[in-house]
Amino acid sequence: MTTRTISVEINGRAYWGTVEPRLLLSDFIRHEAHLTGTNVGCEHGVCGACTVQLDGEPIRSCLMLAVQADGRSVRTVEGLAPADGDLHPLQQAFHEVHALQCGFCTPGFLMTIEAFLASAPADLDERAIREALAGNLCRCTGYQNIVEAVRLAAERMRA
Amino acid sequence: MTAAVAPARRLIGARVARKEDLPLLTGTARFVGDVERAGMVHAVFVRSPVAHARIAALDVEPARSAPGVVGVLTAADLPDTLSPIPIRMFSRPGLERFLQWPLARDTVRYSGDPVAVVVAADRYAAEDAAELVAVDYEPLEPVLRADAAPPDAQAAAFVVEHGDVDAAFAEAPVVVERRLHVHRHAAVPLEARGLVAELDAETGVLTVLGAAKIPHVNRRILAALLGWPEDRVRLVELHVGGGFGARGEFYPEDFVVPFCAIRLGRPVSWIEDREENLRACNHSREQVHEIALALDADGRFLALRDRFFNDAGGYVRTHGLVVPGMTAALLPGPYRWPAYRCEAHHVLTNKTPAGTYRAPGRYEANFARERLIDVAAAELALDPVELRRRNLLRPRDFPYPTGTNTDGHPVVYDTGDYPLLLDKALERFAWDDLRRWRAAPAAAGLRRGIGLALFVEKSGIAKWEYARVEVDSRGEVDVFTGGASVGQGLETALAQICAETLDVAFERVTVRHGDTDTVPDGMGAFGSRAATLGGSAVLLAADALRKRLDAGEEAPLAEEARFESEDMTFPYGVHVVAVEVEEETGQVAIHRYGVAYDIGRAINPLLVEGQIVGGVAQGVGGALLEELVYDDAGQLVSASFMDYLLPTAAEAPPVEVLITEDAPTPRNPLGAKGAGEGGAAAAGAALANAVADALGVDVDRLPLSPARVAALARGTR
Amino acid sequence: MALTLENEFVVAAGIEPTWRLLLDLERVSGCLPGATVEPGGEDGQLLGTMRVKLGPIAMTYKGTARLDAVDEAARTAVVAVEGKETKGQGSASARIRSTLAPEGEATRVRVETELNVTGRPAQFGRGIMQDVAAKMLADFADCLSRTLADAPEAEAPAPALDLAPAVGGVVADRLRQLLRRLFGRRT
Amino acid sequence: MKPPPFEYDDPATIDEALGLLAEHGDEAKVLAGGQSLVPLLNFRLARPERVVDVNRLDALSYIRADDGVVRIGALTRHAALERSSEVAARLPLLANAVAFVGHVQIRNRGTVGGSVAHADPAAELPVALAALEGRYHVRSQAGRRVIASDEMFVTHLTTSLEPDELLVEIEVPLPPPGTRAAFVEFARRHGDFALGGAAVVLTLDDAGTCTRARIALLAAAPTPLRAYGAETWLTGMRVDERAAVEAASRAVADVHPTGDIHGGTEYRRALVESLVRRALLQAAERR
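Which chain is which? The protein sequence lines are A, B, C and D, in order. With numbering that gives the first Met the number 0 applied, the first sequence corresponds to residues 0 to 158, in that order. With numbering that gives the first Met the number 0 applied, the second sequence corresponds to residues 0 to 716, in that order. With numbering that gives the first Met the number 0 applied, the third sequence corresponds to residues 0 to 186, in that order. With numbering that gives the first Met the number 0 applied, the fourth sequence corresponds to residues 0 to 286, in that order.
Just chain A, with the same shape it has in the complex (with noise of 0.2 Å):
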């Protein structure tokens, strides 16, 4: 089978790889630039562990090609974190609420939710909250800490 020499750009890094059209972009991203922080879950587009962002908006990698991402841009959890070692607010958040417990789907509920804020209303009401989350899924915590990790970093992220 035919290969491409493709190069994605991850957390402001251009990565380089020849690949099969096949691949996908969750692997190229795990096993190919080895950002080994977005977990896959499912692989066919329900969980959403391997959520990362793609020119900004939160997208499922196992439901993309590598092939695809060729010139694009992708954010994923190790490029959350400013770069002076402190967490971003809603990594914080996360933390002081505990808002994980195994922790592999916090990357993916990450990436959707720093996106959701972006341009999420002031008032963000639980409903809201809730049906943003819905395309992750949490094993462990029953998503309530999660809620409240939310609203608390929508809160500092405002002020």
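It is worth saying that the hints were derived from the structure and are not from the lab. All clues stand as given, with none of them false.
Derived SDA-like pairs: lysine to any residue, alpha-carbon spacing no greater than 25 Å straight-line: (1) C/K134 / D/R225; (2) B/K423 / B/L391; (3) C/K61 / B/A133; (4) C/K61 / C/D42.
Which stretches of chain D does chain C cover? Using the computed rule of at least three CB atoms under 8 Å from a CB of chain C, they are: (5) 44-55; (6) 146-156; (7) 259-266.
To give a feel for the contact side, a few chain B residues facing chain A, derived at Cβ under 7 Å: (8) D33; (9) P188; (10) L189; (11) E190.
Please read these numbers as outputs of a predicted model, since none were measured by experiment. We treat Cβ as the ideally placed atom computed from N, Cα and C, and that holds for glycine.
Got chain A sorted already, so can you dock chains B, C and D onto it with the hints?
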């Protein structure tokens, strides 16, 4: 990073933010799927597509010669000395006939039964080659119902009883009886299973990364199956994406993948995909109960009689009779029973083997008992709360021998004040307001109902745990525990106990676990045991170390401890739920959900609440959404996340949690009872009671899917 | 996926000739949508492939068809079809029981089919596959009725199952596929 | 769970794409948003020899209001439709329906044309477009043709598109003044494929009498289904509770949805009936 650090002296019981979080938040955590090794190759299992068949022919040659393939193994390639995967607890003579071999030999017993493994340069190539393995199956009749199976399908049957049940029923003025079904569902951790196995050619040591739950137990099993000394086998736990009882048991892949690494002389990675996970990892919960309750005219319980069938699936796996054993042992719940008989049938079918899942055997038992009590209340025109209250055990009854046993060991409830917790729950969750809410008119097409369920949990089933605490000259403290982390916050809880006991800062304590090289022995993390037994061991070791420091000894110092406890501890709780049922769609909307749980002592309420809320989401998912459905041929037709429906944030209800500490246990120095399972334990029971109340009908099975609820509603409109 | 489907039709022919045709395994099998009979079958067993196509979903089965039971008196014949996916571990098998009854000069044919599909295509809860199977067997029954009525068009092998009715574009599409198969490009 | 091997092209122009489709026929599969095709690839239920990725055809991504119609390029993402003020103002039904499509991660990739061409009877947009009587512009090397609303969908996952044809535009006629619409569905979880649903477009005169009704059913049949009988009956009626009940029962009179593990035929039929009733009343109440 750690925001709220309480002063060292008051760490136990403080809402301390977790030590574990940083790598998980920044993407630097290391799950088994993240592991890369020079020369690592990838395994894919070829699994039976049929429920029950004889393997007539198996041709792997086309796969062997496929691009990138480095090896293809079938049962014929495994050692002649191999034995099937043993039972690790609740075993019993006769069960050995039903054990699973690592690869199917002459017959397959469920859709998903592994028959071959293909190892190739990458997962894509391995999947290509796996398609080329040609197997001829001669179909055999599948057994799909445990309660309607041929006699030879019964793996075990046993009776747990006390008192004269027959006499009680013969004389009872009131008897209610029902046939109640709990459906098959499963733990489904978000990270599927996986292993990376590697043989060090020089030392001859086999290292297996990706262990979970019980690394030391599984090292013993793997070494025994290989016929190797244990010191040549090392299991290492990495970050673990959820366990809930299913992950970490010894499965066929836990032998085959390491064996491939040995045979091929290369690191071998196997990462289970979601379809495999739903077909191959332990299922759970499928039981049919024929349960009867005898009462006197005042609603006093005279006797409880149950006969139930536990669907074991295709083989008896490592759990042996844990699930039916727990059902029979804890079915009595928080009530006094003058007479009790439970007849358990553990029956093989041709579905995925079943094992434990959070509150194993109890989610089912609580549903059966609490549902029947509501039926009895209706029969007697008594308030369900009042009926329960009349029959609760009293504080003076403790310690209370239930007359039941777990694996032959008598069940003796340690401590409790059940009426007090019931009162607190009704008060905290405003039961009277909920009754008014229920009576008030709902919007057109909606019906309101309220339900509750009481339960007694257990924790710490395996009787001991190991800990070592070391302090170095700089005052840094290392805690080595035999417990394991499945995401529950073990490191934080143990560090709290250690830091308070040693009076050092929480940040200076590092908790190490899950590496059979650095921790000599351990039991692991199951049955809500890690914090109670593991924590007690840490407490003992830290206390001994503290005494030596107080005596003026100089660091570095180390102390070991092994905490043993003959008996389990028994936390207890109440689930309260109010629902609105939409007649036309069958939608069950949760208006309010509350859990009150007495766990003796909460080491970290933040984590305990997390456990309870997470447990409720799983319990609610099981009651409303999740179902492993088989067709008439034994084909799993919910083998993807498109049909196996985990609750999302939009379905999981907000949960109010009341943690009480009214009945600390004398059975460990912390006074703590495990808190991991109470959130799930009675969710099915409480929701079924609430929906039955809303529609004024009998609810005799789970799940309460929209179609089933709509049918119930139609029958009553 | 296991299901039973029933089809019934009347052919304008007497029961005797219809019965003889019904025992002609090659013609009956040729009516299975997407089926192509291949040489090399032994002792009354036919080899063949069957291609099932539904939009982007496509499965190719390789297998056999044989007369499993013939009850002269009851005018009942059972054709057993068994196939395995040419790629993947799945399988499809069917027992097609056809029963004839005289209806005046004509013959009523009742076709009961027990279908069992295993593997990936059967592992999804949504009812799509059931509809596919129903459509397949309806097509099969149509073709069978033409065959038994000895209609000439029944001589041509059936094209790959395409669940589109005979609107213009689709006829062209079927023809393309038919030609492709006749000229032996891909199975 | 990885895709099988396939050849891959990502043409930069429509002509290039049409050339590839003409050359490879039904051995090529068009990849748009990929939110339905890629899962089928990962499960290996789809095994195209060649994938023709149209995501570089930016020319097919637009929402344009012309005289009396709104033109939606086939490659328009669901998210763009959702955000479009044009659509919100002129075709509220579409804005209403697209919000039900999966989750934000899906809508950011999924395309309008992809939803139509995939032809899942439980998908929202084909049903909404059926109620709006959208017309489908397709191109091939042979030229251009327009497929009428009720001729597009053939059965599950099957349209009347030829293998060498590419859907390029959806043309939606603007409903007459006095029109209001509603889209309702019921799914087991937020964002799941619905168990049933209905899209309703009603034109009422000043007296509140229905002068024009369009009703399309979701997951009631192997294709989006227009309820012509109910539409005719409703025309000339005042859309009140009683009329809605009657129209709904007529809408499902000949409907027999295939049952599955999430709900049997009877349940689904009754569900669709009540959803039609709700949609009619919702629409009638809108201003």
